[in-house]
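Turn these sequences into a full structure, and let the hints guide you.
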Amino acid sequence: MPKFLFIFRHSTDPQSRPSPEEMQVLGGQWYAWMQKFSASILPGGDGLKPSGRSLKAGIVTDGPYVEAKEFVASFSLIQADNYDAAVAIARECPGGCNAIEIRELAGYA
Amino acid sequence: MNEPRELVEHFFRHEFGRLCALLTRSLGVRRLDLVEDVVQAALVQALETWSRRGVPEDAAGWLYRTARNLAIDALRRERTHAQALPRLAENTEREFSPLEAQFADEIGDEPLRLLFVCCHEAVPAESRVAIALRTLCGFSTAEIARALLTTDANVQKRIERARDRLRELEVEFDTPDAAQLSARLDAVLAVVYLLFSQGCHVTHGDMPIRRDLCDEARRLARMLAAHTVGDVPTVHALLALMCFHAARFDARVALDGAIILFEEQDRSAWNWSDVREGMAWLARSAVGDEVTRYHLEAGIAWEHCRAPTFADTDWRRIAELYDTLDRIAPSPLNSLNGAVAEAYLHGPQAGLERLAAVPPEIVPARYPGWHAVIGELHFRLGRHTAAERAWREALRLTTARADREFLRRRLAVCRPDGEEPLESAV
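Chains as they are written, first to last, in this note's numbering: chain G, 1 to 109; chain A, 1 to 426.
Fair warning: there could be bad hints in the mix.
What the hints assert, rightly or not - Derived Cβ-Cβ restraints for the label pairs, each shown as a range: (1) A/396 - G/13: 52 to 60 angstroms; (2) A/58 - G/72: 28 to 36 angstroms; (3) G/13 - A/279: 47 to 55 angstroms; (4) G/29 - A/349: 54 to 62 angstroms; (5) G/13 - A/77: 15 to 23 angstroms.
Because the hints were derived from the structure by calculation, they are not lab data. Each residue gets a CB set at the ideal place from its N, CA and C atoms; glycine is no exception.
In structure tokens, the structure reads:
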């Protein structure tokens, strides 16, 4: 079965950050999503810490990437029959992220 | 860890406040912005982790450790606030001591300290509620704006002003001694009561009562009463007052969200455990010789709760309490409520006379309730034209849906004067 990488992007705008109350609600919704699609979600997905390093032309810079409007916050590996099925799973994701990028794994490795 | 565990209601919000208070103790009030950032980041991490792996047994401890580590990272990056590092490290040691089981109790009064910091006399009065709601109750800017009926930008400004003042003062989180705390108690109570009243009298939108605000206010006041500084009659009186009001919440809102007239309220729908709690606080407040506005307002609320039916209400006693209240805390709203009591005691005309005695310069002409009461008193005297005029003014000024519905229903019963015999007016 094809595998897909879900890349979850969040906004860096502090105004768009959910409040603690909203986050608690989101937490429950995410948990429910993970439960519902547990057969499709492969192990290995994770959240990403907010800051990091960037290597470009031999120069290492520190994150966070303040100039970016959004940043990658987490990723999941999903198995699904095709893009339509993968998108259907993504559609049911709770709110709270700006965008979900869905990419099929090429299977080189 | 894999078992889904339900978090208690408002867990994130309340933990936000508790963590802010805890970290502010180590980092100082000057770093409130950093504190909020790391607490927010800790909640984000919790959201990510817990939705994947379930909520851990020790959720509060997990959040605290995460927030503290984020704070240490941030300070290392800055390298300029190294002096706070030892204090955070000290907390690490304490955490691994056998006392960890008492973790939550041990730090019980940190939020209280932060409440007193928010009410520092250098912080502008209108900024105090905003910063308290943010740091202690974990409300977002948008939520505070909704609660205080103002704009996001305005709330942001108030919070920044509060932070600036605290930074300028170089207030240390743990410095105020008992005497300073007592001196600031009045401001603290004013903030708590404002919070509660904002929750009770929502003047726009669809929710007649913002229960959350009322609950937060009672939570803060109970916290206060559990501490030596706040274990005083004034605080007990405020708690009594809030309990008596809270007891009537469910009865105040009809199923369709319309505000139910006090006379028509179903007294069996009152929350009697709130009334009992209020009675206990009221009894404790009756100590010493100081009578505050909270004592009087609690007394009035108690008179309402105590009457088995509306007809049994002791209006004489209530009118007296309002008279005293007007002397020690004069306000047009007290006059308005006093006028209602007066009207029940001596008739609508007496109520109108009392309102007419309010100096024109302090009449709250933009407060819909003022016109609604005037309309009701005129209506009861059979003066429908005057009633209609007042109710239309009230309707023009009010945006709350439930209040608008109520006023429309009252307007619908108005007839031009003379068309209906006088006695048909109640």
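For each hint, the structure was consulted:
1. Between residue 396 of chain A and residue 13 of chain G the CB atoms are about 38 angstroms apart, so this pair departs from the stated range of 52 to 60 angstroms.
2. The given range of 28 to 36 angstroms is respected by residue 58 of chain A and residue 72 of chain G, whose C-beta atoms sit roughly 29 angstroms from each other.
3. Our hint of 47 to 55 angstroms for residue 13 of chain G and residue 279 of chain A holds, since their Cβ atoms are close to 49 angstroms apart.
4. Our hint of 54 to 62 angstroms for residue 29 of chain G and residue 349 of chain A holds, since their Cβ atoms are close to 58 angstroms apart.
5. Distance hint for residue 13 of chain G and residue 77 of chain A: a CB-CB separation of about 22 angstroms, consistent with the stated range 15 to 23 angstroms.
Violated hint for the displayed structure: number 1, the only one.
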